[in-house]
Amino acid sequence: MPAMQVSRYWRHFKEKYRLAGTKCKKCGKIHFPPRQVCNECGSREMEEIQLSGKGKVVSWTIVRNPPSGFEYYKPYPLALVELEEGPIVLAQLTDVSEDEIDFGMEVEMVTRRIREFSEDGIILYGYKFRPVLKTSKD
Amino acid sequence: MRKVAIIGVGAIPVGEHWGTSLRDMAVEALLNAMDDAGVDKVDSLYVGNMASGSFVEQENLGTLIADFAGLGHIPAVKIEAACASGGAAVQEGFKAVASGLDDIVAVVGVEKMTDAWPTDATRYLAYASDAEYELFNGASFVALNALVMRLYMKEFGATEEDFAHFAVNAHKNGANNPYAMFKKVIKVETALRSPYIADPLKLFDASSVCDGAAAVILAPLDKAKEFTDTPIEIAGIGRAVDTINLANRRELLRLRATIEASRRAYKMAGVEPKDIDVIEVHDAFTIMAAMALEDLGFVPKGQGAKVASEGQIAVDGDYPIQTMGGLKARGHPVGATGVYQTVEAVWQLRIDAGKNQVPDPEIALTQNIGGTGSNITVNILRRV
Ligand SMILES: [Zn+2]
Chain R
1 MPAMQVSRYW
11 RHFKEKYRLA
21 GTKCKKCGKI
31 HFPPRQVCNE
41 CGSREMEEIQ
51 LSGKGKVVSW
61 TIVRNPPSGF
71 EYYKPYPLAL
81 VELEEGPIVL
91 AQLTDVSEDE
101 IDFGMEVEMV
111 TRRIREFSED
121 GIILYGYKFR
131 PVLKTSKD
Chain Y
1001 MRKVAIIGVG
1011 AIPVGEHWGT
1021 SLRDMAVEAL
1031 LNAMDDAGVD
1041 KVDSLYVGNM
1051 ASGSFVEQEN
1061 LGTLIADFAG
1071 LGHIPAVKIE
1081 AACASGGAAV
1091 QEGFKAVASG
1101 LDDIVAVVGV
1111 EKMTDAWPTD
1121 ATRYLAYASD
1131 AEYELFNGAS
1141 FVALNALVMR
1151 LYMKEFGATE
1161 EDFAHFAVNA
1171 HKNGANNPYA
1181 MFKKVIKVET
1191 ALRSPYIADP
1201 LKLFDASSVC
1211 DGAAAVILAP
1221 LDKAKEFTDT
1231 PIEIAGIGRA
1241 VDTINLANRR
1251 ELLRLRATIE
1261 ASRRAYKMAG
1271 VEPKDIDVIE
1281 VHDAFTIMAA
1291 MALEDLGFVP
1301 KGQGAKVASE
1311 GQIAVDGDYP
1321 IQTMGGLKAR
1331 GHPVGATGVY
1341 QTVEAVWQLR
1351 IDAGKNQVPD
1361 PEIALTQNIG
1371 GTGSNITVNI
1381 LRRV
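Order-wise, the sequence lines are chains R and Y. 107 is the number that the working numbering gives to position 107 of the first sequence; each next residue is one higher, with no gaps. For any residue, its number in the working numbering is found by taking its place in the second sequence, counting from 1, and adding 1000.
Just so you know, the hints here were simulated from the structure itself, not pulled from any lab data. Among these hints, one or two may not hold up.
Stated by the list, open to error - Below are the DSBU-like pairs computed for lysine-lysine, each with C-alpha atoms no more than 35 Å apart in a straight line: (1) Y:1267 - Y:1355; (2) R:54 - Y:1154; (3) Y:1267 - Y:1184; (4) Y:1187 - Y:1003; (5) R:26 - R:74; (6) Y:1172 - Y:1184; (7) Y:1301 - Y:1223; (8) R:74 - Y:1223; (9) R:134 - Y:1041; (10) Y:1095 - R:74; (11) R:56 - Y:1301; (12) Y:1306 - Y:1267; (13) R:74 - Y:1267; (14) Y:1306 - R:26; (15) R:56 - R:134; (16) R:74 - Y:1003; (17) Y:1274 - R:29; (18) R:56 - Y:1184; (19) R:74 - Y:1041; (20) Y:1274 - Y:1187; (21) R:74 - R:54; (22) Y:1187 - Y:1223; (23) R:54 - Y:1301; (24) R:29 - Y:1172; (25) Y:1003 - Y:1154; (26) Y:1041 - Y:1003; (27) R:56 - Y:1154.
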């Protein structure tokens, strides 16, 4: 699976490295990935919004037969995460064992390697979610 | 708008056709349908195909198939709507005849998947997801459906065994379909013992990679009797999209595109769910069959899996689905599937379905899903 022109990947850095979405100036709906037109009210008045990266697991699966490019990482957990701000995001879970995952589990976004193409090829980074680290104060 | 009838159908058996190319599969199905209709030329051709560029490095299928079927300088194009490409192609053919532009129109659905390595096939299919945000993160369609299945089980208390009954029903019906990929009856235990491919979704909850081609010939209803004694009217069509990204859905357990597409098709045909005698839904995954029964209006939300385990989906049940094996047993050659569904609905309405004949049906419905429910066609066929 050859890599494409690098521009294909860096144009999405804002979304994929720091979870930037859009907020509709008219109705307030928050979107991820970003949209030019609000899918709630049809407005084109958008502003960029920085999402907190904190959320809860809505559903999850364990990918055992991945698409090519992901063979070396299997099996890996994939989840729908509902962010504090509202949008649901599809992402891999990380730093977690299969039997720890549950509905409503609190997770936070981290930047991780998604996959690499070959020894001298590019490495793709993006967001994954890990269980919220509990401190003694919690 | 003119009324439109199907005057001929044809197909090749679904399977792993190592020795046959995409063009030969498509031409064979098309010629079978033309012979069935008794025509040797058509005014235009619509090709339903999802991903020939990825699977066999061939695009421009309208030209390829018209050329090798000897159809001359006709208009011919490929129609793509992910796994709903076949159903969409039938609808484009319908429009050509209904508009009065063309009289005799051919629709062929074809997909050649087995030339690709299995993991690549998984990848090519996932190009129909929101690839930049779903495939990028390692999602396959199996995984995306598994996410929905787990949530459905939690919300409605459905069990893995409930879903297994969809696979059992499909295999039972596929056993009597000479065109089916899998002709083996299975037990609930067989399905339940199959390995997880994306928990809680198991191997027997999913359809397989395969090759296939199916075709129908359309004509104005008022001319159809010149060609056949048993024309089948396309009484209603509907198509709708939803968010391409599963995570962006307003409701994760409701296929809004099914609701919208079926509303349009029911309205055009002037029928309601209770009038439907034969139901072919898009059971690429058992969870999709359950949700289809609900969103098409046959059973209340949350009851879809239950009616399967209660045996109501059998050929002689209240909701006869997948009467020739469905995607699970007949097979799911993605861009061809919607045309296979149409062919099978025609067999049922012609009273030509053999051992799987639904008793005296008048109206059949086909539902063809693209993506995770992001592009859905519903067609309603009627005996005339
Ligand atoms: Zn808005």
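Which hints from the list above does the structure break, by number from lowest to highest? 3, 4, 5, 7, 8, 9, 10, 13, 14, 16, 17, 18, 19, 22, 24 and 25
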